[in-house]
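As a plain string of letters, each chain reads:
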Amino acid sequence: MRVTIASGKGGTGKTTLSVNLAAYLAKHKKDVVLADLDVEEPNSQLFIIGEEKSCTTANKMVPHWDKSECTYCGECADICNFNAIVALSDEIIIYPQLCHSCYACSELCPTNSLPMQSERIGEIKLFESKGFDLIEGRLDLGQEMAVGLIAQTIDFIDKGYEDSLKLFDAPPGTSCPVIEATKKSDLVLLVTEPTPFGLNDLTLAVETMKVLGKKMGVIINRYGIGDDAVEAYCKAEHIPIVAKIKNDKAVAECYARGELVYEQIEHFKASIEQIANFIEDYR
Amino acid sequence: MREIVVISGKGGTGKTSLSASFAYLEGQNAITADCDVDAANMHILLDADFSNRQDFFSGEVAYIDSDKCIDCGKCKTVCRFDAILLKENRHTIDRISCEGCGYCARVCPSGAITMHKQKAGDIFVSNIKNGATMVHAKLGFAAENSGKLVAKVKQEAKMLALKEDREFVITDGSPGIGCPVISSLSGANLVVLVTEATVSGLHDLKRVVELLKTFSLQAVCIINKYDLNKEMNKMIEEYLSTQDIEVIARLGYDETFAHALIEAKPIVEYSAQSQLSVTIKESWEKIKTKIRNQK
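These protein sequence lines map, in sequence, to chains W and R.
Residue numbers 679 to 961, in the working numbering, belong to the letters of the first sequence in order.
Residue numbers -19 to 275, in the working numbering, belong to the letters of the second sequence in order.
Here chain R stands alone, though its shape is the one from the complex (with noise of 0.2 Å):
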């Protein structure tokens, strides 16, 4: 089993449009998970039946039993995050701004603050039109530890594929640098990039690829939107180069995607026998050819 992790810095460059094509190619030979927790897409192209759902917990949230609260205020003091709340000398917590560490339930002398467990989303086991499996999640509003959901719908997805012998996890990423994305890259095979001509795509394609590089992941990139604008377009291709990262494919701007999307459905499904269906198909061969080759 080999995992294949697409993300791409800037948020709106087609990753999800693209996994979901590979997903959809690859079939029952695939697991599809879709580490996009925060605004989780992917089900909507491969039309996933949320037919088995768990519940999932992680952090904690405080409370403050209002009967034994002697209000001293001495969890307020030691609250870093401005959780604890004074109203009408009554102290209650401010459940959005908790972090979780359990400083006040500890520092409390009435006993009146206990820590609960809270639950922060679903996480979705689904059939998919092409009668394959996809792993995603749902985070609860305003919930926290989208990184920790993250981990869960890959480990869950990584299950299933050793239990079922699936040759492939195909993971949808986030947007970013930050705690999700380094969550959704950890143990991956290949990192696929998605970017885009323009001045944020290259800004953002470089911080992803320092990232990568501390992580000594191999990764090859599709440039979307590649003819947007010639210039940016050349500056990408030199500065991927310089870093040795291959471009396995280039995709001219194309309101298929948006079309597609209108449908929901994959763009290989949506328009076939298009050229950028061909030439999703071809950048797909090129990944399993490149991940099958990697000692």
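Bound-form chain W, shown alone (with noise of 0.2 Å):
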């Protein structure tokens, strides 16, 4: 089974929650596994004590320009919907940045001039921590295509951890990198927060979860500090609230320090405890 937990809006807490739920789920004997997903930004790695095992370099497939045969006919430059390729009458140039890798150019080619090769994006590492794995994608700085790495780092869990309990930590938005966060999920978790903020965002990710067809359960967090509309919502939309984490400083000043909050404080404790219930009931 795979959960994914996202947001809409950035700063909600999915990491927090997702490494806390992750850790508690091992603890309680159970096999489960944790993907960082937000490769512009992976955090859960600062929140585990756990020691990295293998790192992987991801790649992505681009075009690349051999003259030997080239005609400089340009078929390429007008294949190429991204603008991509610049065809030159002595020159053909390629902005792999722009390249989503369709392979379009390369195989329609008269002349065969444009061989894909690879080319590196980001990497993929493997954390061992205590009863659980983290799988981290991590872009390199500069690259555009998050999608791809994301892709590549679900393909790799997929591969190595069949049978266990699949937590996604997802990007915040709600474009391109969240669906491919979560469009092979069984269940997606939305964390939010009672604010007018919260409520704009949560909208606009139930909206699109719902254009991807998932199920679907909201999380609030810091409870307490604004107003009822998110619980309005949810009720009126029928998703169920999983959880509510009380608003507390001492949440956030355990964040701060990068370390496991439920095993400080009670109150957030029981509420990772409904969360794991809601998906074990789910399953």
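Derived by calculation from the structure, the hints in this document are not laboratory data.
Glycine is no exception: its CB is placed at the ideal position from the N, C-alpha and C atoms.
Any given hint might turn out to be false.
[Said to hold, decoys possible] Under the rule of at most 27 Å between Cα atoms (straight-line distance), these lysine-lysine pairs were calculated in the BS3-like manner: (1) R/LYS118 / W/LYS862; (2) R/LYS214 / R/LYS143; (3) W/LYS913 / W/LYS888; (4) R/LYS186 / W/LYS927; (5) R/LYS261 / W/LYS888; (6) W/LYS927 / R/LYS261.
[Claimed, not checked] Partner residues aside, some chain R positions facing chain W, computed with beta carbon under 7 Å: (7) GLU79; (8) TYR83; (9) SER180; (10) THR194; (11) LYS210.
[Said to hold, decoys possible] Estimated spans, in silico, between C-beta atoms of each pair: (12) W/LYS731 / R/ASP74: 31 to 41 Å; (13) W/GLU729 / R/ASP27: 47 to 57 Å; (14) R/ASP27 / W/LEU776: 29 to 39 Å; (15) R/PHE37 / W/SER746: 35 to 45 Å; (16) W/GLU729 / R/CYS52: 50 to 60 Å; (17) W/GLU729 / R/SER46: 32 to 42 Å; (18) W/LEU776 / R/ARG272: 30 to 40 Å; (19) R/GLU68 / W/ARG961: 23 to 33 Å; (20) W/SER746 / R/ARG272: 35 to 45 Å; (21) W/LYS705 / R/GLU147: 50 to 60 Å; (22) R/ASN107 / W/HIS706: 21 to 31 Å; (23) R/ALA252 / W/HIS945: 31 to 41 Å.
Now that you have both chains on their own, put them together as the hints suggest.
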């Protein structure tokens, strides 16, 4: 089973929940693996005590110009829908950052002058923590295509952890990286806060998940700091509220130090328990 | 016209609350742009009226005409995105997986596949509560190309600023370091980094600072929740000093951020006389001085 923890708005507590939930489940002898799919800013590893076991380079395939047979016909630039190729009368220029690796230019080139070659975009790391593994995707700086690396990180997990409960810590937002991190999941837990920002972004996330046809649950973090509009919205939309995590500066302080919260704060542990039970019931 | 871009790496550090405060303070001397198009929020604090809307088209999506399709499966063999579905021996497009490369349309022997422009969102030019103008957007649900939408919002804001002779464009960026962030940084005159005194805050700040170096952009930093962890704050300050990035403000952990949000007001409007607002005003003055002194 795959569960994605997502949010719309950034900074609502996705990573805190993902890491604490994984650690809690592992402590209760559950077979669980955590994936940090926030490849632009992967943070989960800061909160686990563990050792890096492996690091694999993640690549994407991009065309490389082989000028020996090129007739400069310009077909490649015409084919590319992403403006990643400029064809001049004496040179073909490729912008790898813009390339979506569709292979069209390479395979349709009449002289096979654009063979596909791999180019590094980031890395996938495996950390071994107490009772569970963390797989982290980390995008290289200046790379724009988070989606490809997210897909590869998920593939890595699918191969190595077939029977495990897979927890995916998603990036914030509602666009392509989030969709990649959720589209193959069985359940999406949306973390929000009871403020107008939280509600606005939750609405966007819910609408996106509806398009994808996903089952959802909502976790309200910093409960008590705001109003009850988020609860009213969930009720109207018939989305279950899985847990309400009390607003507590002590949680923020614990997080600031990079420590596991559930081991130290009782009400937080109770909320993690509720989330674990919800996932268990769902299975 | 000079552009100030507020970004953070990590989400939820207070970017939008601060950007909205700056916009509120500067009034009609600035055009505001909300470039966090994935999860746009600034319109809530500034009471945008959504008065002017235009469609944003970006990218294409493939469409199979079932009358012309001979179900040869050629499209499925070339698609690298698993976007061609085969149900009961008939081929259709999974619109969400389709990247719009057009490879399938080019190889289809019966001309059954055509590429269609996609509406990816809406762009708004709004009047806001202090009489100023704001440009913002809404990305379509499950749509792509947020980087291009960011570029469009920025372009619109800059054109307005030039046309109406405004001194500043205040841009609220998105979290992360990927395509929408890179897009929101292009052409910035000064970057304001908003971080927090947590392990994640420092980690994400470092990645954003490295990104800024590749664009040679000048930056200043505001540390939010600096008192959450003194040790972390010290590490952030030390790191920033090695990078020659000035800390222009330190804000304590303060639930006023949330309370102002509930009232849908920028902090400087919600509690104009508070110490927090005074610090925010001072930091905005510092930002303006810095940018006016640029060569």
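Lying within 32 to 42 Å: is that true of the beta-carbon distance W/GLU729 to R/SER46? violated (55 Å)
Hint check: 7 Å Cβ-Cβ cutoff, R/SER180 to chain W: holds (4 Å)
Does the nearest C-beta of chain W fall within a distance shorter than 7 Å of the C-beta of R/TYR83? holds (4 Å)
Could you say whether the range 23 to 33 Å given as a hint is met by the Cβ separation of R/GLU68 and W/ARG961? Holds - the Cβ-Cβ distance for R/GLU68 and W/ARG961, about 31 Å, lies within 23 to 33 Å.
How does the Cβ-Cβ distance of W/GLU729 and R/CYS52 compare with 50 to 60 Å: does it lie in that range? holds (52 Å)
Note whether the CB distance of W/GLU729 and R/ASP27 lies within 47 to 57 Å or breaks it. holds (51 Å)
Range hint compliance [Cβ, W/SER746 to R/ARG272, 35 to 45 Å]: violated (55 Å)
Is the hinted pair R/LYS214 and R/LYS143 satisfied, with a Cα-Cα distance of at most 27 Å? Outside the cut-off at roughly 44 Å; violated.
That 21 to 31 Å hint for R/ASN107 and W/HIS706 (C-beta), does it hold up? The hint (21 to 31 Å, Cβ to Cβ) is violated, given that R/ASN107 and W/HIS706 are roughly 55 Å apart.
Hint check for R/ARG272 and W/LEU776 - Cβ pair distance inside 30 to 40 Å: At 36 Å between Cβs, range holds.
Should the hint that R/LYS210 touches chain W count as held when the rule is a Cβ pair under 7 Å? violated (10 Å)
Note whether the CB distance of W/LYS705 and R/GLU147 lies within 50 to 60 Å or breaks it. Hint holds: Cβ distance 57 Å, inside 50 to 60 Å.
Consistency note: the structure conflicts with the earlier hints numbered 2, 5, 11, 17, 20 and 22.
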